[in-house]
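All chains should be modelled from the sequences, with the hints used to inform the complete structure.
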Amino acid sequence: MVATQKKPFRILIAKPGLDGHDRGAKVIVRALRDAGFEVIYTGIRQTPEMIVQAALQEDVDAIGLSLLSGAHMTLFPQVVSLLKEKGLGDVLVFGGGIIPDEDVPALKEKGVREVFGPGTPLSAIVDYLNKSLGQER
Amino acid sequence: MARNGNAADLAKRVLAGDAAAASRALSLIIDEAAGADALIRSFFASSGRSQKIGICGPPGAGKSTLTGRLISQFRKAGLKVGVLAVDPSSPISGGAFLGDRLRIQEHATDSGVFIRSIATRGMVGGVSHSIFGAIHVLEAFGCAKIIVETVGTGQDEVVIAKVADTVVYVTTPQMGDEIQAMKAGVMEVGDVFVVNKADLSGKDKAIGDLRSALNLGRAAGQEAKPWETPVTATTATTGEGVAELAAILDSHWAYLAGAGEGRRRLMEQHREELSLYLSRRIYQDALQKIGIRELEALVEHRTDPASLGARLLAK
Numbered sequence: 000m001v002a003t004q005k006k007p008f009r010i011l012i013a014k015p016g017l018d019g020h021d022r023g024a025k026v027i028v029r030a031l032r033d034a035g036f037e038v039i040y041t042g043i044r045q046t047p048e049m050i051v052q053a054a055l056q057e058d059v060d061a062i063g064l065s066l067l068s069g070a071h072m073t074l075f076p077q078v079v080s081l082l083k084e085k086g087l088g089d090v091l092v093f094g095g096g097i098i099p100d101e102d103v104p105a106l107k108e109k110g111v112r113e114v115f116g117p118g119t120p121l122s123a124i125v126d127y128l129n130k131s132l133g134q135e136r
Numbered sequence: 010m011a012r013n014g015n016a017a018d019l020a021k022r023v024l025a026g027d028a029a030a031a032s033r034a035l036s037l038i039i040d041e042a043a044g045a046d047a048l049i050r051s052f053f054a055s056s057g058r059s060q061k062i063g064i065c066g067p068p069g070a071g072k073s074t075l076t077g078r079l080i081s082q083f084r085k086a087g088l089k090v091g092v093l094a095v096d097p098s099s100p101i102s103g104g105a106f107l108g109d110r111l112r113i114q115e116h117a118t119d120s121g122v123f124i125r126s127i128a129t130r131g132m133v134g135g136v137s138h139s140i141f142g143a144i145h146v147l148e149a150f151g152c153a154k155i156i157v158e159t160v161g162t163g164q165d166e167v168v169i170a171k172v173a174d175t176v177v178y179v180t181t182p183q184m185g186d187e188i189q190a191m192k193a194g195v196m197e198v199g200d201v202f203v204v205n206k207a208d209l210s211g212k213d214k215a216i217g218d219l220r221s222a223l224n225l226g227r228a229a230g231q232e233a234k235p236w237e238t239p240v241t242a243t244t245a246t247t248g249e250g251v252a253e254l255a256a257i258l259d260s261h262w263a264y265l266a267g268a269g270e271g272r273r274r275l276m277e278q279h280r281e282e283l284s285l286y287l288s289r290r291i292y293q294d295a296l297q298k299i300g301i302r303e304l305e306a307l308v309e310h311r312t313d314p315a316s317l318g319a320r321l322l323a324k
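Line order of the protein sequences matches chains B and A. First residue of the first sequence: 0, per my numbering; consecutive thereafter. First residue of the second sequence: 10, per my numbering; consecutive thereafter.
Hints are computed from structural coordinates only; laboratory data are not their basis. Honestly, I wouldn't trust all of these hints.
Derived pair list, reagent style EDC-like, types lysine to aspartate or glutamate, alpha-carbon separation capped at 20 Å [as the list claims (entries may be wrong)]:
1. B:K83 to A:D27
2. A:K324 to A:D294
3. B:K6 to A:D46
4. B:K85 to A:D119
5. B:K85 to A:D18
One side of the interface only, derived from the structure: several residues of chain A facing chain B at Cβ under 7 Å [to be verified]:
6. A29
7. G108
8. S126
9. A128
The structure presented is a predicted model; accordingly, all values stated were derived computationally and were not measured. Quick reminder that beta carbons are idealized off the backbone N, C-alpha and C, glycines included.
Set out below in structure tokens:
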């Protein structure tokens, strides 16, 4: 009769690169927390190495990368390949921020599973994670 | 991936110092997944040798920043450090914002530091059976110092004393007067008191208030204790006073080893771990006995919750 509690998904939200504008990232953190995720936020100016180390220690299901500076084509794929190197290839990587539409196919090609641009409803991100992570489990 | 590996293999990798394996073992234990008990079984032999330092105190006192500074001190001494940073789960959504890591950034790529954020998931005082399991993982992983940073609810955190060897209570100037310091609760279990943010005004008064509150016990007729609880000041943002704090922590560890107090505390910790295990098992088993027949009986007033409960437990 007791509902067995489902283990919450763990998500790392990180801001690689040099821009310090993390309001967007914080809004995502808050939305995911309120949707029942356990969210680890590591703050601004993270190197791919820092992000992957945190993902490894926290055993996260997904990593959300937020970036506004334009360095996404370098930094996002670096995170993905470092994850693979560390045996964490099954961690879902998604991105957001100011990412031009024409860059999205190339990012997906390099292993970034989804990209959410400005104006994406928060519920779309929540639904996406629930669906994708739910299938993997 | 380790996700499918067996417990024995995973345990071996943790004992060999594999960080990814330690991380996975922590998940299995914290989630109370199948295989968790087997993991703890393999780790328990290596338990009890590392100093477990509990850091508690009100939210915003600077516990995470201080933790970051302490890690630096331990790393200078060449010690491997593990951190379990506990933050609250939302009672409404079940989600959590785990932000302690943000303050411990300078060790983000140091392989001699393993930091894990833990959401309370409804456990009282931030401690459940799984926190002991998590500590056993870090012990097996080879951490000489294990810092457990509590939720930061303040007065009610006495449970940390049943987990840690050394309890550090962090406060700040202007956190309250001597009367606050006289209240029962965590004031009674602290082994070391820290007035953090010592660059703010009121540091000396805060230290004085804490000292005099700690001395009241003596004035009230208690015997002199073998460990005189120190009160020290730090400014975690600059690192001032942290070397002194680390030295105090070392001397407490030496005191525990020398006086037999360490063994007594370890016994208390094991008692707590065992009781949490028992209560979890008994609770779960008992709850499984509640079925629709039992509930029907209650609705029809054929019995009452107390009599039915006693009968179910006896079954």
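Quiz item: Hints broken by the structure, by number, lowest first?
Solution: none
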